[in-house]
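Engineer: Residue-level listing of the chains:
2 protein chains.
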Amino acid sequence: MTDSEIQSAILDMGRLARAASYALAKLTTEQKNAILIAMADEIMARQDAILAANALDLARAEVNGLSKAMLDRLTLDPKRLNAIAEALREVALLPDPVGEKLAEWTRPNGLRIRKVRVPIGVIGIIFESRPNVTTDAASLCFKTGNATILRGGSEAIDSNRALAAALQAGGERAGLPPDSIQLIPFTDRSSVEHMAKMDQYLDLIIPRGGKGLIEKVVATARMPVIKHYDGICHVYVHADADQQMAADIIINSKCQKPGVCNALETILVHQDVATSFYPLVGKRLAEAKVEIRGDAAALQHLGVPAKAATEEDWTTEYLDLILAAKTVTGIDEAILHINRYGSHHTDSIITKDRTVAERFQHEVDSAVVVHNASTRFNDGGEFGFGAEIGISTDKLHARGPMGLAELCSYKYWLDGTGQVRA
Amino acid sequence: MTDSEIQSAILDMGRLARAASYALAKLTTEQKNAILIAMADEIMARQDAILAANALDLARAEVNGLSKAMLDRLTLDPKRLNAIAEALREVALLPDPVGEKLAEWTRPNGLRIRKVRVPIGVIGIIFESRPNVTTDAASLCFKTGNATILRGGSEAIDSNRALAAALQAGGERAGLPPDSIQLIPFTDRSSVEHMAKMDQYLDLIIPRGGKGLIEKVVATARMPVIKHYDGICHVYVHADADQQMAADIIINSKCQKPGVCNALETILVHQDVATSFYPLVGKRLAEAKVEIRGDAAALQHLGVPAKAATEEDWTTEYLDLILAAKTVTGIDEAILHINRYGSHHTDSIITKDRTVAERFQHEVDSAVVVHNASTRFNDGGEFGFGAEIGISTDKLHARGPMGLAELCSYKYWLDGTGQVRA
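Heads up: the protein sequence lines correspond to chains P and H, in order. In this text, residue positions in the first sequence follow numbering that gives the first Met the number 0: the first is 0, and each later residue adds one. In this text, residue positions in the second sequence follow numbering that gives the first Met the number 0: the first is 0, and each later residue adds one.
These are computed hints drawn from the structure, not numbers from a lab. The model shown is predicted, which means the values in this text are computed figures rather than measured ones.
One copy or any two copies: either way a pair holds, since identical chains are not told apart in the list.
Taking lysine to aspartate or glutamate pairs in the EDC-like style, the calculated list, with each CA pair at most 20 angstroms apart, reads:
(1) K25 with E357
(2) K114 with E387
(3) K226 with D198
(4) K100 with E362
(5) K210 with D198
(6) K114 with E362
(7) K351 with D414
(8) K114 with E357
(9) K114 with E99
(10) K25 with E99
(11) K215 with E192
(12) K114 with D378
(13) K210 with E127
(14) K196 with E214
(15) K215 with D198
(16) K256 with E316
(17) K25 with E362
(18) K100 with E357
(19) K25 with E332
(20) K25 with D331
Given the sequences, and given the hints that come with them, work out the whole structure.
Structural biologist: Structure, rendered in structure tokens:
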């Protein structure tokens, strides 16, 4: 395809998506839930076809020499397909935020103002190899009445096509407006750029994937982008901390799932407890096979083998069993370090002093600031949101876990009796 | 200045603004209000110096042949300066949204979650010739605990420098952290681009000015932009409308202040009342010296001179005493027309039927959808917000009038007793 053919195809999809968004906004919650169930049924009914499509992706991936981890993320099997269908059914069970009245007041002139939650409109999702993002993202956007244009990675194109076809066919049989969920059927790289410039049709773009992809979208996009950048998360152990609790929280934050954005990357330890706390946590980290990169005081007191930390360690998201350790003079230095080197994602303080904790929560400039608990709680499920489309490191519109409510906008309804401005 | 000198100067300002934002976030409401009052006092104390600086801008403007309207917008005098100081005092009286608890709940594991309103951080304001934007924007951003970097137009650079110096000197005497309010002191065009790319320091950029400026910022910015584009606003007169009320609302929406974004640009009239309503409103519009551009039915029934409308009229923001008129078959066509040609700003329906009005409010995809009142009510003051930084035509973060609350973000405070994830 030539670049102008790609642009024209993307613009056509945008125009159709905008029209679909107006049809979607009229669906009732019951209609939307029935459509989600029909989509789940169709995924199961098409199991053989979807797995056959996935086999094409996997065969291509082997030829192209994809890593074992990448192959695993790409692979669908009956169990994973069942989980995909189950996830659709779970979205059907979630409360619908659309139509919720967010505020209501009456002005002295009698004008009644209602602020009402509404769909955003058309959302573009750009994602990499995991095919389940197709159904996850599409179903959450659909539940909130948004039309979607999905652009998956080339590695998963056959799986994505088969999954999108199942969502469309199953959904449309139950009343899904055509073009509500569109997958870009080709994988030319320039499609990302054309999507990012199409602000007349796309109200929001959500890139899900590596930093390179997100950077590219941010640099190009004319519409709002909600990003899910690095998580360089900290635990600060204050002088008065319950040290067993601190060690438990550090082990959990680092080791429970090291490859995710809310996993711990750096511990900050108050200098007054360096001699007592470092040996305690050092032993636990060594048992958990965590490699430590420490400053001088940490290396001196940890009591287990550790490497010397460099400046780069304070800004590295390891996503692995590696932990940086720094000794600080107190809460001021801890806050300064976190605001300077962190990624404004999730940071935790361990202290018995509520006043100190509140100061930390006030002054640390992060989406989620935790007192005496694991960093791993920055998560839509753990917040009770039921589902999440990601964890935003932005400060506008959505910050922290993004659930269904964050996939909505609002509008104002004004009701008068002939009021005019004086 | 070379381009790299400009970039380096802007990056320095960004770094200083980020540091200031952390100091600002610690100020109490009382401290902030005292600072606002001190700024107002300093504006009045420096009246002669500010008017002298303004005279330099005006002299340059005369040489450059600026239009009379532009000159008027640029001009400061003792009365306008007093209004600027008064506006600062009014911002001091407004309630402070920072620190407000937006939600609070406790999870089954005992983890307490609080969602707290916080400043956004650092906001860039890019604006054109009116010098009062300097103080308006800076004071609203400051009240909400945000640091600002202001980039005004070259026409007003001397006035802007004098006003910013007064805000800084007056404010700092009362405890304003240095670098909280910075004005870019030079007017090289590339400063806009360097601001727009500085997403490590600027959390939000708000362009205030013409479409060219906004387009440029949107195309370049890496951080969120809140836009205030055109207002192509409609009034739809349903078949059952109170026709006197409809005519009153149309006249008010069009004529009360034709040059603003929430002024009316197109009326849509139900075909069943074309013969009765067009003559009624035509007479009123002619009395108000409004030029009409109508479709065939409008031209036939208006009873006053009118031009034939072209397709272009449906998408034109006249900002003048000109009105487009189109006859529609009913509410479906009205909604289709508004969603297709409008700018998603403000649209009004005149009807006695509440069900019809609610359908219009549901299906018209605009920030503010009005029933039986003027489009001119899409305004922060009319909403009771006390102040507004603009009217957003975006759907993310802020839609419609943007008051102080919309200049804030939020963060989550989590409080535990040692919780870890299983």
